[in-house]
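Q: Residues per chain are reported as follows:
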Amino acid sequence: QKEVEQNSGPLSVPEGAIASLNCTYSDRVSQSFFWYRQYSGKSPELIMSIYSNGDKEDGRFTAQLNKASQYVSLLIRDSQPSDSATYLCAVKGYSTLTFGKGTMLLVSP
Amino acid sequence: DTGVSQNPRHKITKRGQNVTFRCDPISEHNRLYWYRQTLGQGPEFLTYFQNEAQLEKSRLLSDRFSAERPKGSFSTLEIQRTEQGDSAMYLCASSRDGGYEAFFGQGTRLTVV
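So the sequences go chain by chain: A and B. Under the working numbering, think of the first position of the first sequence as 1, with each following residue one higher. Under the working numbering, think of the first position of the second sequence as 1, with each following residue one higher.
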C-alpha cells in the first residue's frame, strides 16, 4: 500500500523565519511530487511540483527531492502570517495521487 | 481556463437518502479524480477516470458509492443510502495524462443528519 508520511505539527515559526516541512513516501515507482496548501475549510491549492532529484525554487518556496531516500521537503523563506495553513505532500506514480495527512504551519506575527 | 467546478458546494441530507455530486474538470484534462477528506486528515483517494474509463477504485470504497464520467467530460459521484459516517468534504481534481499536476475544485461539503 502506498503511504505518504508527514509530521502533523503544528509547526510554529515566527514571521520572517524559514519554515521546513518534510515528507517521506513508500512507493519507489513514484514519479511526481507535489505540495499543496490548504486553508481551513477550503480545497487544496497546488503550490509546488518537483519531478527530479535536487532543488526547485519558486519565489519564497523551495522544494527538495531525494528519490534514494524517498524524501521530499518544502522550505518557505520569509514566512508570513498568511502562510499559516496545512501543507499537504502528494505523490503520483503511474495512476493515483496519494496524499499525506498534512502538516499544520502556524506563523506568528 | 475556468478551473475545476464542483456542485453543489454544500449538501445537507437525511440519513438513508441518496445524493449526487457533479464535477466539471478543466477542459483539456483527461484524468479526473475523486477524493474524500475528513477533519484533520489528508484527502483519501476514492476513484479516478482516464477519459470515460474508470481505471481504479479504492478498496475502501463501499458499494454504496458509484461514479461515472460519460463521454469523458463531467463526472458524477453518487452515494446511496447515506450514513452519518459519509459526512465529509468530497473533492474532485483533474490533470493531464502522466505525471502532471492535479488541480482541485472547491469541494462539496456533505453533512448527513
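Hints are computed from structural coordinates only; laboratory data are not their basis. C-beta: ideal position from N, C-alpha, C; glycine also. Among these hints, one or two may not hold up.
[Said to hold, decoys possible] Quick list of simulated restraints, FRET-style, between CB atoms:
hint	chain 1	residue 1	chain 2	residue 2	range
1	A	20	B	74	37 to 43 angstroms
2	A	53	B	60	28 to 34 angstroms
3	B	53	A	22	22 to 28 angstroms
4	A	52	B	74	32 to 38 angstroms
5	B	27	A	39	50 to 56 angstroms
6	B	85	A	40	20 to 26 angstroms
7	B	52	A	2	22 to 28 angstroms
8	B	81	A	52	31 to 37 angstroms
9	B	78	A	46	23 to 29 angstroms
Q: Please flag the earlier hints that this structure goes against, numbers listed from lowest up.
A: Going through the list in order, the structure violates hints 3, 5, 8 and respects the others.
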